[in-house]
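So the sequence lines, in the order shown, correspond to chains A and B. Per this note's numbering, the first sequence runs over residues 67 to 525. Per this note's numbering, the second sequence runs over residues 471 to 766.
I should point out that these hints are in silico values taken from the structure, not numbers from a laboratory. Do not rely on the hints blindly, as some may be mistaken.
Below are the DSS-like pairs computed for lysine-lysine, each with C-alpha atoms no more than 30 Å apart in a straight line [to be verified]:
1. A:Lys329 <-> B:Lys590
2. B:Lys632 <-> A:Lys418
3. B:Lys753 <-> B:Lys511
4. A:Lys418 <-> B:Lys753
Covered stretches of chain A, going by a simulated chain B footprint (3 or more residues, C-beta under 8 Å) [claimed, not checked]:
5. 239 to 250
6. 402 to 412
Some but not every residue of chain B turned toward chain A, in silico, with C-beta under 7 Å [to be verified]:
7. Thr570
8. Pro612
9. Gly622
10. Gln747
The beta-carbon is built from N, C-alpha and C at its ideal position, and this holds for glycine as well.
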Amino acid sequence: MFIYLFLSLLLLSAGAYHLGRKRAFVVANGHIRKLHSLPSFYGSYTALWCFLPALIVFGLWITFQQGFIIDLVVAGMPPELRNLPPDQLNLVVNDLKNLVGGNFVSSAPNPAMLAAADHYRHLRTVGNAALWVTVLSLAILGVVHAWRAISPTLRARNRVERVVNVFLIASSTIAIFTTLGIVLSVVFESILFFQKVPISEFLFGLQWSPQTALRADQTGSSGAFGSVPLFAGTLLISGIAMVIAVPIGLMSALFLSEYATPKFRAVAKPALEVLAGIPTVVYGFFAALTVAPLIREIGTSMGLHVASESALAAGLVMGIMIIPFVSSLSDDVINAVPQSMRDGSYALGATKSETIKRVLLPAALPGIVGSILLAVSRAIGETMIVVMAAGLSANLTANPLEAVTTVTVQIVTLLTGDQEFDSPKTLAAFALGLMLFIVTLILNIIALQVVRKYREQYE
Amino acid sequence: MSTTIIEAKANLDNALNAEGRQIPLSSVQITDYDHRQTVGKITVDNPKMICRDVNVYYTGKQALKHVSIDIGANEVIAFIGPSGCGKSTFLRCLNRMNDTIPFCQVIGEIKLDQDDIYDKSIDVVQLRARVGMVFQKPNPFPKSIYENVAYGPRIHGMVDGKAEMDELVRASLERAGLLKEVENRLSEPGTSLSGGQQQRLCIARAIAVNPEVILMDEPCSALDPIATAKIEELIDELRENYTIVIVTHSMQQAARVSQRTAYFHLGDLIEIGETDQIFTNPKHKLTEDYITGRFG
Ligand SMILES: Nc1ncnc2c1ncn2[C@@H]1O[C@H](COP(=O)(O)OP(=O)(O)OP(=O)(O)O)[C@@H](O)[C@H]1O
Ligand SMILES: [Mg+2]
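So that you can see chain A by itself, here it is in the shape it has in the complex (with noise of 0.2 Å):
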């Protein structure tokens, strides 16, 4: 239905784009040089013109047609249902919507609701018929004043790039709005999760069993809520998988760009990056099935006890599953290296590796520690490898041959299944949330300040 006068109206506008240009070539006679902007932009203009008011209004009215049509319906009801209390008024209207609809009512459909939904269809009719008229008609009469207003010294080409200016700051600022919104959304629960659970102890307790009683009867269950243990677990885990990532990527890299041949370099550098591509269940399954049981068997006939699901299986895919995000960056700023560099180094007689290491690395420096950063971050955010390669058990351990668990996993776990949205122990997930969004914040505080340090500038 609103569809096709959508499709209506993009094709108004592109009409209108052609009438628009036509009209430039007609004032100006032909002599496109008259004209303050290209043909085209008295074109775009036309069409903005045409189709932004028509949008704008279109917008509007469907947002609020429907409530606007239940008033009226409501109005025109018999006393005994208008009169009813508020809570009860609004079944009424749920159990109209559905019987407009046509799905499943509640209550057999009594002659006034029938009533109603015949009136709420009516003037649905006559709204729709309105709104098309209303959205074509200002269409319309968006490219006649364009039209009118169309002249040599009309600033077409202005006027289109302020629309387009004005829409790429509201794009902008859409990512802008979205992360605050997040980010106030997560803060309010988690001020509501720290008027539960004092928050020394969610920082500093070294438990955590996040089972609460739902009843006040219920025993043996009394949440433990210190969030030590889960950063300890992302934090060993994340720390496997840098040392794992962190040297091969950046060998790699540097393999890539320094001695690799071009040819070589086209096949192995996309194929690195497929590792990128993987699912991570792919990733968590291969930990889980086929990592674990291997790293337990070496563990056990070396004399260790390994648990069946260990902080180092995750790790180790975790580690490979990065690889590229190191590589492929690195590799990147490597390559962005001036080439004069490596000329005036090879000039005072310096091998390759000795280029590499005293001019490529601190040169590219910046670049590799941000590729690092977004491993890292990438490392920290991971959850389902962890979730079947490491387990769930929140164990305060430094030692990567048990289970553990992350930050992540417990905000999954935390929040599937059926939950009550005001116990401590949902509320949990969102103080995890926070916590875990301010120490990657502070991550990226540190490395672009470790970067401004020494950061060594070309040119």
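On the provided structure of chain A, position chain B with the ligands as indicated by the hints.
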């Protein structure tokens, strides 16, 4: 002296095979039948480098044809010629910087003192320590001024201890005429200097490894007249201890700093002679056209 086309092709073939590179020979076009003989005396009494019959190919395109020339000890020799004639290419042959360009093939004989620098037994790292290079655009490393100069001595293990290094750095900067200006800011980045200072820093960096020959590829083309004058003065002083090969587009500069001048044209070494003679009495028509401004 000049080889026939057939021989050149065979040479190239052998060289390519020796390098293990797979360039189909059909893609290699040898178009040196229009090669021109060099006018003037190519030999000197006291040669530092001897180049004989040097040919350079970039993936099948010949950039230098049968260039033979001596470079005398403690002389400044200038290479001039229109853009694209192969001056930089030849310069880069002299310290094997062409090795870093894939598919660049150098054929011929180049000797430094008595050693063939393209011989297998030659360590290119040591060669480049003996034959330093200064580039067209100043390219200081993104390190401190001190570290820029210390770079070469450090990788070649030329000094023992910090005190000796300090002395070497200061001496090199002094020789490059830069010490006074940067004495108090040795720890600032080399890139914070002006263009002319950067170029002198690059010269200081090159002479810190105590080379025997310094190659300069249009060292002043990015500089203003005052910075240029300083560098020309410097070149004149450096001549006492070093052999200098300079590529330049400025004929005045060639006339001011060099004792001998070589004129290149489309890959040929057209004429070589005393700088005075080249500029006042060129023997070859092409040289005359170029220096009188009728060409290029
Ligand atoms: N890396 C390369 N790959 C392919 N061809 C090259 C390369 N470098 C130079 N050439 C070619 O070799 C020829 C000589 O180039 P060269 O740089 O030696 O000229 P030049 O005399 O230094 O010129 P200019 O005065 O402009 O610096 C040119 O035709 C150039 O196109
Ligand atoms: Mg050049």
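Evaluation of the provided hints:
1. For the hint pairing A:Lys329 with B:Lys590, the CA-to-CA distance comes to about 27 Å; that is within 30 Å, so the pair holds.
2. At roughly 25 Å between alpha-carbon atoms, B:Lys632 and A:Lys418 fall within 30 Å of each other, so this suggested pair holds.
3. Proximity of B:Lys753 to B:Lys511 is assessed by CA-CA distance (about 12 Å); at most 30 Å being required, the pair is judged to hold.
4. The hinted pair formed by A:Lys418 and B:Lys753 fails the criterion: a straight-line CA distance of about 45 Å is larger than 30 Å.
5. Note: the region 239 to 250 of chain A has 0 residues with beta-carbon separation from chain B under 8 Å; the three-residue rule is not met and the coverage is violated.
6. Counting residues of the region 402 to 412 of chain A whose beta carbon lies closer than 8 Å to any beta carbon of chain B gives 8, which meets the minimum of three for the stated coverage.
7. Restraint check, B:Thr570 versus chain A: the minimum CB separation of about 6 Å is within 7 Å; hint holds.
8. Checking B:Pro612 against chain A by beta carbon gives a least distance of about 3 Å; that is within 7 Å, so the hint holds.
9. For B:Gly622, the interface hint holds, the least distance from its beta-carbon to any beta-carbon of chain A being 4 Å, beneath 7 Å.
10. Evaluation of the B:Gln747 hint against chain A yields a violated restraint, the C-beta minimum of about 32 Å exceeding 7 Å.
Comparing the model with each earlier hint shows violations of hints 4, 5, 10; every other hint is respected.
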